[in-house]
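A.B. asks: Single-letter residue listing:
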Amino acid sequence: MTPHLRALAVTLAAGAVATVLTGCGSDRPTLTIYSGRTENLVGPLLTQYAEANDVDIEIRYGGSADLALLLDEEGDRSPADVFISQSPGPLGYLSGDDRLVELPADVLDLVPEDARASDGRWVGLSGRVRTLVYNTDLVDEADLPDSIIDLTGEEYRGRVALAPSNGSFQDFVTAFRDIDGDDTAAEWLAGMSANDSPAYANNTAIVAAVARGEVDMGLVNHYYNYRQVIEEPDSPTSNHFFADGDIGNLLLVTGAATLGTADDTELAADFIRFLLTEQAQTFFSEETFEYPLASDVEPYADLPPLTSLGISTFDVNSLGGGLVRTEELIRDSGVDTSG
Amino acid sequence: MIGLAAVVFAFPLVYLAWSSITLGGDLLAALTDPLVLRPLGNSLALSLTVSLACAVLGTVSALVVARTDVVGRPALTVLLAMPLAIPSFVGATALLSATGAGGLVPFVSRPDGFGGASIVLTLLSYPYVYLPVLARLRGSARNTEEAARLLGAGPWRAVVTVVLPQLRGSITAGSLLVFLYVLSDFGAVSLLRYDTITRSIYASRLLDRPTSVTLGLLLALLALGVAALARLPQQAPPPADRSAPAPVIELGRARIPVSALSWAVVAAGLLVPVTVFVTWAVRGSAGLEPAFGGVSDVTGFVTGPVLNSGLAASVAAVAAAVLVLPVAAASVRRGDRLSRATAALATSVLALPGLVTALALVFFAIAAPGVLRVLYQSFPLLILGYVMHFGAQSLQASQAALAAVPARLNEAAQLLGADARRRFVTVDLPLILPGVSAGAGLVMLSTLKELPATALLAPIGFDTLATTIYFAAEDGFFAQVGVASLVLIVVSAVLTWLLVLRPAIRTAPR
Chain A
5 MTPHLRALAV TLAAGAVATV LTGCGSDRPT LTIYSGRTEN LVGPLLTQYA
55 EANDVDIEIR YGGSADLALL LDEEGDRSPA DVFISQSPGP LGYLSGDDRL
105 VELPADVLDL VPEDARASDG RWVGLSGRVR TLVYNTDLVD EADLPDSIID
155 LTGEEYRGRV ALAPSNGSFQ DFVTAFRDID GDDTAAEWLA GMSANDSPAY
205 ANNTAIVAAV ARGEVDMGLV NHYYNYRQVI EEPDSPTSNH FFADGDIGNL
255 LLVTGAATLG TADDTELAAD FIRFLLTEQA QTFFSEETFE YPLASDVEPY
305 ADLPPLTSLG ISTFDVNSLG GGLVRTEELI RDSGVDTSG
Chain B
17 MIGLAAVVFA FPLVYLAWSS ITLGGDLLAA LTDPLVLRPL GNSLALSLTV
67 SLACAVLGTV SALVVARTDV VGRPALTVLL AMPLAIPSFV GATALLSATG
117 AGGLVPFVSR PDGFGGASIV LTLLSYPYVY LPVLARLRGS ARNTEEAARL
167 LGAGPWRAVV TVVLPQLRGS ITAGSLLVFL YVLSDFGAVS LLRYDTITRS
217 IYASRLLDRP TSVTLGLLLA LLALGVAALA RLPQQAPPPA DRSAPAPVIE
267 LGRARIPVSA LSWAVVAAGL LVPVTVFVTW AVRGSAGLEP AFGGVSDVTG
317 FVTGPVLNSG LAASVAAVAA AVLVLPVAAA SVRRGDRLSR ATAALATSVL
367 ALPGLVTALA LVFFAIAAPG VLRVLYQSFP LLILGYVMHF GAQSLQASQA
417 ALAAVPARLN EAAQLLGADA RRRFVTVDLP LILPGVSAGA GLVMLSTLKE
467 LPATALLAPI GFDTLATTIY FAAEDGFFAQ VGVASLVLIV VSAVLTWLLV
517 LRPAIRTAPR
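These protein sequence lines are chains A and B, in that order. In terms of my numbering, the first sequence opens at residue 5 and continues consecutively. In terms of my numbering, the second sequence opens at residue 17 and continues consecutively.
Hints were generated in silico from the structure; no laboratory data involved. Idealized CB from N, CA, C, for every residue including glycine. Any given hint could turn out to be false.
Unchecked claim - Here are some, though not all, of the chain B residues that point toward chain A, as calculated from beta-carbon distances under 8 Å:
1) P50
2) L51
3) R221
Generate the whole structure from the sequences, applying the supplied hints.
C.D. replies: If you want it as structure tokens, here you go:
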């Protein structure tokens with residue numbers, strides 16, 4: 005071993021020891037959170053809560069679906085107390101598997117009735133509205149439809165990008181089934197597939213493809229174009245909202261739940277209560293462009309008012325066929341493999 | 017030791033079989049479902065195409081930098097390994113943004129579907145062949161090549177007839193790694209809109225668990241079959257005299273075109289993505305609000321992840337090399353059933369998506385009794401996850417290196433009274449070290465860019481560069497993606513040079 009390598013080895017060993025030692029800590033209460041919202045979208049709030057309440061917060065970031073699968077494998081040995089999800093699907097999945105406990109009524113009552121689970125096992129934190137992002141150089145706004153159903157029409161053939169293997173699209177389809185029934189949802193999917201709607205990986209990929217003019221428009225969550233315009237101020241992209249009450253404008257909520265494995269369900273509920281305070285809701289509105297759901301905080305300017313949107317908090321337990329049926333409908337329509 | 021390795025590498029297969037059975041998945045039905053067979057066929061076609069393309073590109077580029085007077089040879093040697101440092105989804109995003117109208121290279125059409133995925137994955141994966149072949153060239157027989165030259169063979173004929181046969185083992189091993197890696201990839205294929213079996217596993221992972229794990233089991237069994245069938249070819253005997261200097265072939269009139277082509281590979285696989293990352297970083301930073309930007313605190317944003325990534329990748333590389341070396345030695349030397357089965361199992365794990373491997377480890381670790389519970393979500397468990405997932409890279413490289421050590425050297429040492437351990441240390445180890453370091457280098461680079469398993473297995477708060485990039489990309493923070501990707505490439509370059517290329521060059525006789 006050269007002196008150089010030896011020095012490296014010592015550094016590595018020291019680093020390993022330091023990593024282990026930092027694991028040992030104080031006797032302040034610890035709250036372990038699995039968060040499908042990334043640090044950019046929730047981190048500052050966690051710091052504020054930890055400091056104000058003298059709590060140690062341990063947070064594992066990840067994709068919402070991946071964390072739901074992790075929690076499922078961990079079962080009753082999970083170290084997690086709270087789960088934050090970017091969309092309703094992963095919460096529904098865990099709820100269906102009986103991993104979540106009911107939240108206190110005062111927490112649930114902070115949000116409108118349609119922005120929380122009917123069995124009280126999770127509560128909405130903020131909302132992302134489904135929208136049609138379009139390229140302003142290639143498409144005249146006047147030519148855009150009032151309803152998402154119109155996108156199956158001939159004039160939109162091959163022009164509307166979808167992200168069928170992405171959680172947000174899947175959750176939209178589940179909500180569509182919940183509101184209008186399986187047949188209507190299946191008919192729309194088949195129509196989009198027959199209309200040669202190209203499939204993309206996810207929301208970000210669709211907005212990027214629309215921005216560079218590869219495809220005219222795409223169905224996404226409203227958040228992503230706001231981000232795109234910040235990153236690339238000249239981006240020729242804009243969100244188009246459908247007519248009031250159209251299923252295409254569905255609001256998908258992000259949410260939080262207390263896990264059955266929580267050490268202190270009071271503390272977990274208190275943290276979730278904090279996420280619904282004016283301070284936290286203002287963060288969601290102003291910093292992440294999402295719809296606030298509590299404390300009378302106003303949505304970000306130029307978003308349609310919340311009252312004009314359908315809110316989706318489908319209840320997996322009461323939804324015939326469960327989440328699997330959504331997967332079947334998407335798969336059978338062929339919409340996920342068309343290019 | 018081999019028994020332990022067998023148990024570890026069997027985790028994913030056992031987990032998938034157990035989950036598929038208990039959740040009521042139907043493997044046989046899946047095998048006759050056209051909605052399964054089509055993406056499965058797509059996966060195989062893509063993996064085969066990319067592994068063949070990488071075999072050619074990786075071998076030729078290694079020969080060029082090791083044996084010719086190509087322009088900028090030292091820089092090329094390092095840079096050609098670097099595309100491996102770019103996570104496939106961020107590399108694909110960058111290449112998509114660089115090509116087509118309005119892009120950085122508008123004259124190149126945008127990669128899409130089978131062709132696009134083949135090209136992008138080849139550009140990002142050929143170092144799986146390049147690094148082991150380069151290592152093999154550093155330690156290959158010069159005297160036979162010299163003899164061929166003295167007997168009147170031209171330099172290229174000597175390379176084809178004498179050097180190439182010596183490389184067969186390394187080329188096969190590297191191509192197998194590419195084949196399995198492409199099977200596992202989700203990021204690039206989904207962005208390039210090519211429907212593979214891994215995309216199906218991901219798309220159904222939450223909505224339809226039984227289908228997802230059954231498709232995972234199918235992929236695992238397929239990979240196991242491929243791994244069991246793939247036999248390393250017999251290698252030509254290596255050097256009796258390793259003191260002769262490596263003959264440098266003067267390219268003459270071909271020097272300019274060969275150099276241009278070599279640098280074009282670096283441009284496509286590395287410089288174009290790097291330029292895109294710089295563009296994102298600059299473009300996005302201009303309009304950043306401090307509270308929402310993150311990048312305003314560049315040091316804080318990357319320091320922790322750099323240290324964590326470097327630590328995890330270095331430890332995983334060494335741990336993988338140590339754990340698989342006995343398996344490699346036994347499977348090459350003794351060829352007994354246990355070691356060959358372990359080698360095949362280890363190799364098959366590489367074809368699985370990281371998410372599946374991570375969930376398999378969680379499945380076993382969470383059930384661990386008593387004191388072992390403290391290991392859950394600890395640094396050692398994360399390392400075990402990396403070793404389980406990427407051990408095949410170290411294994412294949414080590415097997416190829418060991419197969420090239422002539423039996424007669426060991427026999428001579430045995431006659432002189434050296435015991436097995438002494439023979440291994442004094443005879444084998446010096447000869448296989450370049451190959452073993454190359455394998456460790458592959459594990460290191462793969463670990464540096466690993467995302468899904470890291471997110472699930474790492475100790476809480478253990479952010480790596482790859483997780484930083486992934487989360488920023490998820491939410492469209494491209495300036496952050498750009499900065500963190502550039503840092504990842506620099507860290508990878510430094511570690512590859514220090515731990516892989518420099519020792520390999522040093523151990524090679526001059």
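A.B. asks: If a hint holds in the structure, say so; if it doesn't, say that too.
C.D. replies: Structure-based check of each hint:
no.: 1; hint: P50; verdict: violated (11 Å)
no.: 2; hint: L51; verdict: holds (6 Å)
no.: 3; hint: R221; verdict: holds (6 Å)
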